[in-house]
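Visitor: Chains as they are written, first to last, in this note's numbering: chain A, 1 to 73; chain B, 1 to 139.
Just so you know, these hints were derived from the structure itself, not from any lab. Quantities reported herein were computed from a predicted structural model and do not represent experimental measurements. A couple of the hints might just be wrong.
[Unchecked claim] Calculated lysine-lysine pairs in the DSSO-like style (CA-CA distance at most 27 Å, straight line): (1) B/K72 x A/K43; (2) A/K44 x A/K26; (3) B/K83 x A/K22; (4) A/K73 x B/K4; (5) B/K94 x B/K53; (6) A/K51 x A/K29; (7) B/K94 x A/K26; (8) B/K94 x A/K29; (9) A/K44 x B/K3; (10) B/K47 x B/K94; (11) A/K43 x B/K47; (12) A/K22 x B/K94; (13) B/K72 x B/K16; (14) B/K16 x A/K22; (15) B/K3 x A/K26; (16) A/K44 x B/K83; (17) B/K47 x B/K83; (18) B/K4 x A/K29; (19) B/K3 x A/K73; (20) B/K94 x A/K51; (21) B/K16 x A/K44; (22) B/K128 x B/K59; (23) A/K26 x B/K83; (24) B/K48 x B/K72; (25) B/K3 x A/K22; (26) B/K4 x B/K83.
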Amino acid sequence: MAEIKIDCINKTCPVPLVETRKALRKALKGDVVEVRGTHRSSKKEIPMAVKSMGLELLSVEEEGNVWSIRIRK
Amino acid sequence: MNKKATLIVHSGDLDKVMSAFVIGLGALSMGMEVSIYFTFWGLERLKKEMLDKAPLSRKGMFGLGRWMIRRKMKQAGVASLDKMLSDFVELGGKILACDMTMEIMGVNKEALRDDVISDYCGVGTYIKEAMESDITLFI
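This is chain A alone, in the form it adopts within the complex (with noise of 0.2 Å):
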């Protein structure tokens, strides 16, 4: 299973939302996809976004101003 990384750092509205979609899209059942990013409310977002397509949401954490969001399909 591969782990797939995302940097939407410094991205606004809507990329980080649509990145995180791209390689979701890509991605095998089962694989990891991990966004890092900046804009606000992608960090409320992007579990919406995960919940409304029924995938997994592994984790949310924060570091400085830097969120991560950790989802499996």
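Starting from the structure of chain A, add chain B where the hints point.
Guide: Quick look at chain B alone, frame taken from chain A:
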């Protein structure tokens, strides 16, 4: 069946077309199906090389406003319209061109971005898609 959003882009202004793409991309990212219909002034933006040439709906100041807003968008890390369009298509969004506008304005397929357009259609297709949609917007 997936939830669906159907948008009409009637305006050809940069700020409005950008809003349409932001909403469309947001909906695709949330797992919805999305179709965007380009009609009237919106169809201008589907002409080759015309997407990023859009004027602003307000504060145009003969091109100065557009230059300023594009610079600010770049500073803020906002994607260009060209990037938004390619992401939209990559995520499975449908771009539809209004064939009635094409007739009125004398636009043929060769002048348009045929590579990204899924279909050329009329109001019937929009209504059919809108009936199946959870969100529909006119921009």
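Visitor: Decide, hint by hint, whether the structure agrees.
Guide: Each hint tested on the structure:
1. At roughly 23 Å between alpha-carbon atoms, B/K72 and A/K43 fall within 27 Å of each other, so this suggested pair holds.
2. Taking the CA atoms of A/K44 and A/K26, the gap is near 23 Å; set against the 27 Å cutoff, the hint holds.
3. Taken as a hint, the B/K83 and A/K22 pair is honoured in the structure, with Cα atoms around 13 Å apart against an allowance of 27 Å.
4. Note on A/K73 and B/K4: the hinted pairing holds, with a Cα-Cα distance of about 22 Å set against a maximum of 27 Å.
5. With a C-alpha separation of about 22 Å, the suggested pair B/K94 and B/K53 falls inside the 27 Å cut-off, and the hint holds.
6. A threshold of 27 Å between alpha carbons decides the hint, and for A/K51 with A/K29 the separation of about 16 Å falls inside it, so the pair holds.
7. Note on B/K94 and A/K26: the hinted pairing holds, with a Cα-Cα distance of about 19 Å set against a maximum of 27 Å.
8. A threshold of 27 Å between alpha carbons decides the hint, and for B/K94 with A/K29 the separation of about 25 Å falls inside it, so the pair holds.
9. Distance hint between A/K44 and B/K3 is fulfilled; the C-alpha atoms sit about 21 Å from each other, no more than 27 Å.
10. Distance restraint check for B/K47 and B/K94: the Cα-Cα separation of roughly 16 Å lies within the 27 Å cut-off, and the hinted pair is therefore satisfied.
11. This hinted pair does not check out: A/K43 and B/K47 have alpha carbons roughly 36 Å apart, beyond 27 Å.
12. For a cut-off of 27 Å, the pair hint linking A/K22 to B/K94 stands: about 16 Å separates their Cα positions.
13. Between the alpha carbons of B/K72 and B/K16 the distance comes to roughly 17 Å, so the proposed pair stays at or under 27 Å and holds.
14. Proposed proximity of B/K16 and A/K22 is supported: the alpha carbons are some 24 Å apart, at most 27 Å.
15. Between B/K3 and A/K26 the CA atoms are separated by roughly 21 Å; this keeps the pair inside 27 Å, and the hint holds.
16. Distance check on the hinted pair: A/K44 and B/K83 sit about 24 Å apart at the alpha-carbon level, within 27 Å; holds.
17. Simply put, B/K47 and B/K83 have alpha-carbon atoms about 16 Å apart, close enough for the 27 Å limit, and the pair holds.
18. Under the criterion of a C-alpha separation no larger than 27 Å, the hint pairing B/K4 with A/K29 is consistent with the structure, at around 24 Å.
19. For the suggested pair B/K3 and A/K73, the alpha carbons sit about 20 Å apart, so the restraint of at most 27 Å is met.
20. Between the alpha carbons of B/K94 and A/K51 the distance comes to roughly 24 Å, so the proposed pair stays at or under 27 Å and holds.
21. Distance check on the hinted pair: B/K16 and A/K44 sit about 25 Å apart at the alpha-carbon level, within 27 Å; holds.
22. The suggested pairing of B/K128 with B/K59 is violated, with an alpha-carbon distance near 37 Å, which exceeds 27 Å.
23. Restraint check for A/K26 and B/K83: the C-alpha separation of about 18 Å stays at or below 27 Å, so the hint holds.
24. Restraint check: the Cα-Cα separation between B/K48 and B/K72 comes to about 25 Å, which is no more than 27 Å; the hinted pair holds.
25. Distance hint between B/K3 and A/K22 is fulfilled; the C-alpha atoms sit about 18 Å from each other, no more than 27 Å.
26. Of the pairs offered as hints, the one joining B/K4 and B/K83 holds, with about 22 Å between alpha carbons and a cut-off of 27 Å not exceeded.
Violated hints, in rising order: 11 and 22; the structure is consistent with all others.
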